[in-house]
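Colleague: With the hints as your guide, set chain A onto chain V.
Number of protein chains: 2
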Amino acid sequence: MFRINENYLKLPGSYLFSTIGKKVGEYSSANPDKEIIRMGIGDVTLPLCPAVIERLHSAVDEMSRQETFMGYAPDLGYEFLRNAIVENDYKARGCDISADEIFVSDGAKSDSGNIVDIFAEDTKIAVTDPVYPVYVDSNAMSGRTGAYDEAAEKWSGVIYMPCTSENGFVPELPRETPDVIYLCFPNNPTGTTLTTEQLQVWVDYALKVGAVIIYDGAYEAYITSENVPHSIYQCQGAEACAIEIRSFSKNAGFTGTRLGFTVVPKALKCGGVSLHALWARRHGTKFNGAPYIIQAAGAAVYSPEGRKQTGEQIAYYMNNAKVIREGLIGAGYDVYGGVDAPYIWMKTPEGMKSWDFFDYLLEELNIVGTPGSGFGPSGEGYFRLTAFGSAENTVKAMERIKAGKA
Amino acid sequence: MFRINENYLKLPGSYLFSTIGKKVGEYSSANPDKEIIRMGIGDVTLPLCPAVIERLHSAVDEMSRQETFMGYAPDLGYEFLRNAIVENDYKARGCDISADEIFVSDGAKSDSGNIVDIFAEDTKIAVTDPVYPVYVDSNAMSGRTGAYDEAAEKWSGVIYMPCTSENGFVPELPRETPDVIYLCFPNNPTGTTLTTEQLQVWVDYALKVGAVIIYDGAYEAYITSENVPHSIYQCQGAEACAIEIRSFSKNAGFTGTRLGFTVVPKALKCGGVSLHALWARRHGTKFNGAPYIIQAAGAAVYSPEGRKQTGEQIAYYMNNAKVIREGLIGAGYDVYGGVDAPYIWMKTPEGMKSWDFFDYLLEELNIVGTPGSGFGPSGEGYFRLTAFGSAENTVKAMERIKAGKA
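Chains as they are written, first to last, in numbering that gives the first Met the number 0: chain V, 0 to 405; chain A, 0 to 405.
Possibly wrong hints are sitting among the right ones.
Since copy identity is lost for identical chains, a pair holds within one copy or between any two.
[To be verified] In silico SDA-like links for lysine to any residue, alpha-carbon gap of 25 Å or less:
no. : residue 1 : residue 2
1   : Lys346    : Ile222
2   : Lys207    : Met0
3   : Lys265    : Ile328
4   : Lys352    : Ile328
Worth flagging that the hints you see were computed from the coordinates, not collected in a lab.
The following block holds chain V by itself, in its conformation from the complex:
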């Protein structure tokens, strides 16, 4: 008789956004006249920009003619896209990354979930707390996280690194040595960043103890501060200890279009074996490339028009972030993030539990956000609002918060 992977059964049951959806649905059914403003999920709302649309159309036309039709894509992605990525995201920032170190994929979620495959089974991971759930869940599914403690909301085998207002959301180096360290900056959910010097500390640490950093840079395009690195490879030595995961979801509105990439430098080795070779093997065996028309559209993001138009979209969302930030500060809240990221992380008032504040916002102000505790125990007492709504609704939400009523 076959048996299942029992690690799946250890996963805590309710997925954060399902619970939110259920609560909102129930409230909405009971109060059909209320106009609910959604600032919970990190999904974009602006349509794809004209440069991307135009390239999608022309790529579709190519697929309609025998002489320009594209079948199976190269395993690592098309050269034209990998070259555009290297030029714009790496060479332009002084990072020594080459096109054959870029692996084009269908998105950052797939890559951040699948990357564990190439590490040993007893790999010990360290994560910031609060954290994007995929890093921990994907390790739990492959049996790398020990047992789950329902009360503490923690896995016995995971090293948690609290990020709270007390340490300015800068994680401290762990006492126990991890094998793999997940860092996401600008951070989801806190919206905070590390300076280049602060990130260099992590690179130096990883090199010293022989750990690999999985660096999730999905929100890189939202950085406005001067001293915040856009890539971990802006830190010295990172190419020997870091894998970087990037996405087109937030910088170009590709959440429903699906495109991302992962950088595995050839210098990143374990006992003479390059992780690049392992990831290439995984990519070649269990993936068959992102669609040609989507890769073509991804390259259009780097054209002069594409950069200008996606830049305008980011500015639109970041104006929302400013409105939220200033609105919340004006209403007397402690607020973090929202300067280099589309996420605003706030303290709940007077030690209110995150889920209680969720209920208050939903029921009294008809605003949906995300309880901080949903991202990990150190998120308790915090709350996340996202800047991906319309400018009009964002202003309206802040008016409700200021007035204390819907």
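Modeller: Relative to chain V, chain A alone:
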């Protein structure tokens, strides 16, 4: 110090199609005047049909307007596509499969590589021999296949089920009981099929011993024979023992457009836990949906125009298959497949090794095919030709084979 997943190091080094590519490249460089006909790789060559192109364009237009823009897709795929799949691929054939048992994905290769994740670590797999390499390699990567024996070209922990002319390419039930059985029919590489009665034997066996069948039906659209099942769910009881993987690559030319789906019936359980719940969790954690525009295009394949146009493409390729089949028979070869599949499987002449025949075809006739031994030890002495080329080149290749020269 972090460590790698050492199972990757056990994988035999050279990937079949890389070796072929290298050999062809070298011959081509040394003989630039020779016109080489490629019948090796299973990639389609006809452009996407008008119904699909039209829907791609209109979906791109939807992505350009705020009111029709699509962000993150539902985890399991859009209802409109899942409903079209259920109606056309299952209900129309009398299979009791519902829309929420369909998981839309970026392709059959990803699904057939990732499906092992939901099974126990010591899962014992059985595969036909010869076989599509992904089934075995993905299990090898997760340590489920034991040690690799270079001489025998076999893994110690895998149950191989030879499919040769001796048994009419119908695998025999294994003596040792497997947990998971991979079956692909119409078969890649042999192009042969099982009748409904022959497949029922496997379903009955799986139900009896408590095994799961992973049924790869990527070539279903090429079936022309009456008594060959299009889905394993045409067999009684299959919904309690089988997962079916399907693809848009070969029936609609989506090799570079990327779309597939996997059916995990809710009745498929292990000790009360449904595999559906586990796969849903994996899908939700490590994947973020296929692009909206691609899912929209997938649904267009099921429209009356889409069915007619893709049917014409399949007929075009199957005419090539007929030309190859008859050409080879006329030239005195033993030939299999090519009736319900775009693959023709032939015996090499006079016990010639598969790779020697590859060299002969390349150097003497300037035709590229795939050595049967590349698909497993029982493929030695066989050779695969594919019907995905142009009609003109297919005819020309057969003329060369008949003449015994280029």
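Colleague: It remains to establish, for every hint, whether it holds in the given structure.
Modeller: Right, here's what the structure says about each hint:
Proximity of Lys346 and Ile222 under a CA criterion of 25 Å is satisfied intra-copy only: 22 Å inside one chain copy versus 62 Å between copies. Within a single copy, Lys207 and Met0 get their C-alpha atoms only as close as 46 Å, which misses the 25 Å cut-off; across copies the closest is 9 Å, which meets it. In this assembly of identical chains, Lys265 and Ile328 lie within 25 Å of each other by CA distance neither inside one copy nor across copies; the values are 46 Å within and 50 Å between. With identical chains, the CA atoms of Lys352 and Ile328 are at most 25 Å apart within one copy only, with a shortest distance of 20 Å there and 77 Å across copies.
Of the numbered hints given earlier, the model fails hint 3 alone.
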